[in-house]
Each structure stands twice: as C-alpha cells, then as structure tokens.
Amino acid sequence: MTALVTIRDVDKGYVRGKQRVEVLKGLNLDVETGEFLALMGPSGSGKTTLLNLIGGLDKCDKGEVVVAGQRLDKLSSGQLAKWRARHVGFVFQFYNLLPVLSAERNVEVPLLLTKLSGKQRRQNVRAALELVGLGDRAKHKPAELSGGQQQRVGIARALVSDPTLLICDEPTGDLDRESSESVLQLLELLNRDHGKTVIMVTHDPRAAEHASSLLHVDKGVLSAEPLETAA
Amino acid sequence: MKYFILVWAGLWRRPLRTILTLLSIIVAFLLYGTLHGVTSSFDDAIDQMSDTRLRVQSRVNLIESLPIAYLPQIEALPGVDGVGYYQALVAYYQEPRNALQVGAVGLDGFLDVYPEIVVPEDQVEAMRRTRTGALVGRDLAEEWGWNIGDRVTLRSQVFTQADGSDVWDFDIAGIYEFDEAFGDFAAQEIYVHFDYFDEARIQNRGMVLLYFVKVGSVERAAAIGQRIDAMFENSRFATQTLNEKDWVRSQIQRIGNIDFFVNAIIGAVFFTLLFLTGNTMWQSVRERIPELAVLKTYGFGNATIVGLVAAESLLLCVSAAGIALAAAATFFPQIFRSMGIGGLPLPASVIALGLAIGVFVAIVSALPPAWLAQRLNVVDALARR
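Protein sequence lines, in the order shown, are assigned to chains R and A.
Just so it is clear: in the first sequence, position 172 is 172 by our numbering, and no numbers are missing.
Just so it is clear: in the second sequence, position 353 is 353 by our numbering, and no numbers are missing.
Everything labelled a hint here was simulated from the structure, so no lab data went into it.
Wrong hints could be hidden among the right ones.
Stated by the list, open to error - The calculated SDA-like cross-link candidates involving lysine to any residue, where the alpha carbons are at most 20 Å apart (straight line), are: (1) R:K82 x A:T304; (2) R:K59 x R:R20; (3) R:K115 x A:Y3; (4) R:K141 x A:Y3; (5) R:K141 x A:W8; (6) A:K214 x A:R249.
Please model the complete structure; the sequences and the hints are all you need to start from.
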C-alpha cells in the first residue's frame, strides 16, 4: 500500500487573544491509501487541528503535509479550495446541512463546482443517497429528518464527488447509540467496499473500534496508546 | 445558473424578512416611478404644446379679458396664419361639484388654430347651423352618456342671461376627439358659439379671455408675439403673448422647482433604502456563516462566495425594482389620463435609470456582507468561534 497522507515535522499553533498556543509540535504521520484511521484524544489535544491540516482547511506553520501526492503547505488558499473540491469529502459533527435545501440539493452542493451536467449531477446524487440508504428521503429537508438521517445525508454529500479521502470530525458526536452504530457501519462499508480512505476523529472508543487503525493525540503528540496507558 | 439554487435558498432562509425587505424596495421604487411619472408627464405636456401657436392674454392676470375688437388687428399682422378666441363660461352640470370646462369660441377660427381637434365634417356643419350648438369632448360625453342631439343644461357661476337666468341650454351638434399624433389628451371640454353666448350674457359683452394665434414658423413666433404686445401696450387692455410651450412651462414653474423636490424625496428614500437592504444582507450573511464555511470547506472559492452574496442582493433589489417599475408604468399613466393631464407611459429612460439604481443599491448593500464572507476563516467558523 502507498501512503495517501504523509506528515513530517509539522508545527502548528494559534494566537488566542494575546497568547500563542502551540497545538502540534514536530508531528509525523503516515496514512495508507484505503486505511480507516481513528484519532482519539482529549479536547484541545490537536485532533481537529491535525484533521484540518490533512483536509487542506488550514496550513501548518512548519513542516510538510503531503496528501494524494500534493504538498498542501505550498498551496495558496485558492489552490487549496480547488484541491479540496477534487480530493476530500468532509463529514461534520453537527451535519452542517443547508436548512432550506432538500436532502438531494444538499448532496448536490459539492457537484456544483464540477462541470457535470444537471442530469449527471442528479444521477450521482441519487446514487449517493441510495448508498447511504436514503433514496426515499431525497425531497425531505433537514428539519424533516432524524439526526442519524441528517448525518447520512452529510456522508452522501461527502462522497458524492467520489473523493479520495473522507475526513470525519466526530461524526457520531451528536447521535444516539443506535444511529451512531448505523453511521459507523456505513463509514466502514465505504472504506471496505468502496476503497475510501477514512480519517475519523472521535471521543468514543466504541466508534474507534470500527477503524482499521487507531492513534491517540495528546498535547500535539501522536501515539499508538493513550499517553497515561503508555506511561 | 447552477448556483441559482444556493442564491434562492439564501434569500428565503428568513421568508418574512425577505418579504418585508422586498415590499420596502417595491414601495421605494413605486414612489420613484410615480414621482418621475409626474415630472415626465409635465415634460411631455410641454413637449406636446405647440411653439407655433401663440397665446394672447391680459397682461394683468389670467382672468382679465381682452376686447373682441383686437381680432381684426391681430389677423392683419404679417406672418399670422389664423386667429381663434376663447371665453370661459365657468359652468357646471347639475351640481356645482360637476364643474365643466366650457369655452365660447369663434368656431372656424378656433378649429383652424387647433388642428388636433378632430370633428367629422358633417358635425362641424351641423354645429355651424345650430346657434345653441355644442361640440363635446368624447371622454366627457362618455362620462355623462351624452349623444349628438341631446340638450345639455348648464349653469354658469359667473354669466347670466338678460332675463337674469344663469341657466344655459346647449344642443350637442358634434363630438370631438384629439388627434393622437399631437399627444395623448383627454377630450373633456365643451365648445359653444361665442356669438350666441356673447349676445345672451349681460356681463362683459364684447370681451374674450384669450386669443390663439397661429404663426407660420417658430423663428417668427417670438417677433410676432412682441408685435402683438407692442400694438396694445398703451391701451387699457395691454396683452401678454407667449407661445403655448413657454406658457405651460411658466405655469409649471409657478408651482415650484418640481425636479428639485422630486429628486430630494427620491434621494432621501434611496439613501434610507440603502441602509435597509444593507442591514438585511448583513444579517442574512452573518447568520449563515457556518453554512458559508461548509461551502468553502467543499471548495467554493472566495470569488464564488462573493458572487453568491452579490447575486442574492441583486435578485432581491432588481426584482423588486422591476415589479415596482412595471406597476408604475402600467397604472400611473391611467391615473394621469383620468385627471386629464395625459396618459403617456413612463419614459424608457426613467425605467432604465430605476433599474440602474436597483443594481447600484444591490451592489452597495452587498459590499459589507461580501467582505465578511470573503474574509471568513473556515476553521474558526466550523469551530463556531
């Protein structure tokens, strides 16, 4: 297997108020193509920051971030936007669906940036909704769907443009256990049967069990075991 | 076009706010269309007036009369092609509130000077034969259901007959219209024979209110006007002569600087509108920051995001302006026509300027929220910071 994500000696910090907070320090990571990686760690450990760097939403202060053969730390914000549109699908904790649009229109959003015809877009949207088991809810607006269904719409939106990488930021954080299990099985299916590389941040050990590999992030450092356990 | 769904969704995220803003814009542009309709109607009225037809009135004021004896002297002036004269009856039909414009005229001279008054020749002939005859405007005849042959009884608030009666009976001999080639005016006046009226009245005999003088060319009009005024300058009844166009213009100017008032009102309205739409767009974008962040996450660039905000603002402002201007263009000429001012449509320049103002308001209103959306930090917005 080849590495889809390669991160070398990455530093990342933020200025909050008058104070600079170092979140990641000298971080290294390799994620293989087709891997389902779970990132766990306490709040403020740097999980989401790492996810943002991999997803091209943010840039590191130092080091290299290479995803799908592209040095992301060298790209401008405009280039990063185009790169994200081609390579990454995002799944958010709070779904972040557009409330006025139906499920199918929400799923169609990433395809608006492509050159696909309206007919082709509708076909892809239908296929994505069928894949997540919501073919019969295409016309429903988010408010008419349960949390689990909304997250499935979010997953359909993430995969409709057939991205290489799915980035999921606590996708089950706002769901009950049954819905969580259903969403995780769906992600597992996308990884196993459709070859999608999935990187998922979670607080839930049960969710992490669905991943093929697990890393812990604490104070900007990656480890195979939680720091206190490792110690 | 494929982004229209996003623009539409953004616009109707808060339907009540959008509808209220839309109504505000419609009202503002309706006001613009109406007021410009008024000023353009005045301009049209001036344009439709003749500058080869002189209007001779008393120098003292509009209600002082001039002797009918001036007629041959004016007719004899070189360059004068025809002279008509006019005396107002100041009359009403049935009730004082039904005031009518009734003019006692020298028929042939008046019709010669006013070629826009169109009457079938047989009706003109009938009018000539009927001493108590009247030519009635078609709009007035339709309003009261009058037909040729009907006797119309009017009462004058100024002129009485020798027997002391203020009742004047006229027999409708013809119905006239205005030739549309000369403009769109309502035909609402009555013309009767001056000779009959003058003989019957006991006040102010031998006097007319106005002379209308037809001259051959615009270039000679001013000189002929000056000669008429010079001719009677030292008489008891001095005259003031203007061509019709200048006279109408002077009457409108007496009301005040209408253009200034209209522009001041419209300027204030649009200035307020700018804040209203700007605030609406700002609120609309602010509350959608997480949604815009999602769009950016999925690869929508800054230019596209700015374009979406601008398109939303344009759709709101220009569609409302379009609705308002269409309404103004449709309804207000009819209102003016019913007032007898003339029913010309809103000039295309007023509509074009209105739409341009709509675009301007939209773009200026979109600038601050577009700037906000463009500067949006995706990471912070997704973290709801």
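Here's how the hints hold up against the structure:
1. R:K82 x A:T304: holds (12 Å)
2. R:K59 x R:R20: Judged against 20 Å, a Cα distance of about 16 Å means the pair holds.
3. R:K115 x A:Y3: Since the Cα atoms of K115 of chain R and Y3 of chain A sit roughly 12 Å apart, the hinted pair holds (cutoff 20 Å).
4. R:K141 x A:Y3: Holds. K141 of chain R to Y3 of chain A sits at ~18 Å (cutoff 20 Å).
5. R:K141 x A:W8: Satisfied, since the Cα-Cα distance of roughly 15 Å is no more than 20 Å.
6. A:K214 x A:R249: holds (19 Å)
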